[in-house]
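**Q** Going line by line, the protein sequences match chains A and B.
Mind the numbering: the first sequence is residues 1 to 112 in our numbering, read in order.
Mind the numbering: the second sequence is residues 113 to 226 in our numbering, read in order.
Warning: the hint list may mix true and false statements.
[What the hints assert, rightly or not] Computed beta-carbon distance windows for the label pairs:
| id | chain 1 | residue 1 | chain 2 | residue 2 | range |
| --- | --- | --- | --- | --- | --- |
| 1 | B | 126 | A | 18 | 47 to 55 angstroms |
| 2 | B | 167 | A | 69 | 27 to 35 angstroms |
| 3 | A | 63 | B | 194 | 24 to 32 angstroms |
| 4 | B | 174 | A | 1 | 16 to 24 angstroms |
| 5 | B | 177 | A | 78 | 41 to 49 angstroms |
| 6 | B | 175 | A | 18 | 30 to 38 angstroms |
| 7 | B | 167 | A | 82 | 38 to 46 angstroms |
| 8 | A | 95 | B | 165 | 15 to 23 angstroms |
| 9 | B | 181 | A | 18 | 42 to 50 angstroms |
| 10 | B | 126 | A | 39 | 42 to 50 angstroms |
| 11 | A | 109 | B | 171 | 46 to 54 angstroms |
| 12 | A | 69 | B | 125 | 25 to 33 angstroms |
| 13 | B | 179 | A | 60 | 32 to 40 angstroms |
None of these hints come from the bench; they were simulated from the model.
Where is the CB? At the ideal position from N, CA and C, for every residue including glycine.
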Amino acid sequence: GDSVTQMEGPVTLSEEAFLTINCTYTATGYPSLFWYVQYPGEGLQLLLKATKADDKGSNKGFEATYRKETTSFHLEKGSVQVSDSAVYFCALSVRNTDKLIFGTGTRLQVFP
Amino acid sequence: KAGVTQTPRYLIKTRGQQVTLSCSPISGHRSVSWYQQTPGQGLQFLFEYFSETQRNKGNFPGRFSGRQFSNSRSEMNVSTLELGDSALYLCASSLAPSSNQPQHFGDGTRLSIL
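Construct the complete structure from the given sequences, taking the supplied hints into account.
**A** If you want it as structure tokens, here you go:
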């Protein structure tokens, strides 16, 4: 079945460091891909999305490119801030449904 | 524009009881989905509703059920509660079922079973 695998956390970085969180997927068909972020005590917020191969999603300095050949959707940010500390989830959805399949989440901790 | 509203935010129940959780989607959104989040299993899909019809169901026992009303508000019910049902239950809404439509999540209902 469809699945998402993302790197284990926590990822601990100093402020202004470069961030990469790896995400790979397995899916039948052509899924859309998402990154969601969850701050303590809150629900999920959509960070960015890509709906087809080679699409690049971007928001708030975060970027991810839909790579069909490597079935990957890695999240990157050039310079992280303390306020980026949160749990990040990679997800896919199958066409014509709202069902999301999530990875296990990666906790990011950024220290000043 | 109000976001997705889930009530109550916190709930404490004992084993064997039943519980009903409520979700009010963003105005104009007609698709509602539910997820269970636990430290051990992560985020797992429960149901998806559109126009009062269940379109998809996750791999959960029959004790978990849901429904959607004509105003798109949704409820989920869990009967005969077990300790393992302790979780954060998240609701998400979108305009219509499609992977091109972003889903907006509520802050969840945290259910604790004693």
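**Q** All the hints need checking, so say for each whether the structure fits it.
**A** Verification of the hints:
1. B:126 x A:18: 47 to 55 angstroms: Given range 47 to 55 angstroms: holds, Cβ gap about 49 angstroms.
2. B:167 x A:69: 27 to 35 angstroms: 31 angstroms, holds
3. A:63 x B:194: 24 to 32 angstroms: 42 angstroms, violated
4. B:174 x A:1: 16 to 24 angstroms: Because 21 angstroms falls inside the window, the suggested range holds.
5. B:177 x A:78: 41 to 49 angstroms: Given a distance of about 46 angstroms, which is inside 41 to 49 angstroms, the answer is holds.
6. B:175 x A:18: 30 to 38 angstroms: With a Cβ separation near 46 angstroms, residue 175 of chain B and residue 18 of chain A fall outside 30 to 38 angstroms, so the hint is violated.
7. B:167 x A:82: 38 to 46 angstroms: 41 angstroms, holds
8. A:95 x B:165: 15 to 23 angstroms: 18 angstroms, holds
9. B:181 x A:18: 42 to 50 angstroms: 47 angstroms, holds
10. B:126 x A:39: 42 to 50 angstroms: Once the Cβ atoms are compared, 31 angstroms apart, the range 42 to 50 angstroms for residue 39 of chain A and residue 126 of chain B is violated.
11. A:109 x B:171: 46 to 54 angstroms: Cβ of residue 109 of chain A to Cβ of residue 171 of chain B: about 32 angstroms, so the range 46 to 54 angstroms is violated.
12. A:69 x B:125: 25 to 33 angstroms: 48 angstroms, violated
13. B:179 x A:60: 32 to 40 angstroms: 36 angstroms, holds
Checked against the numbered hints listed earlier, the structure breaks hints 3, 6, 10, 11 and 12; every other hint is satisfied.
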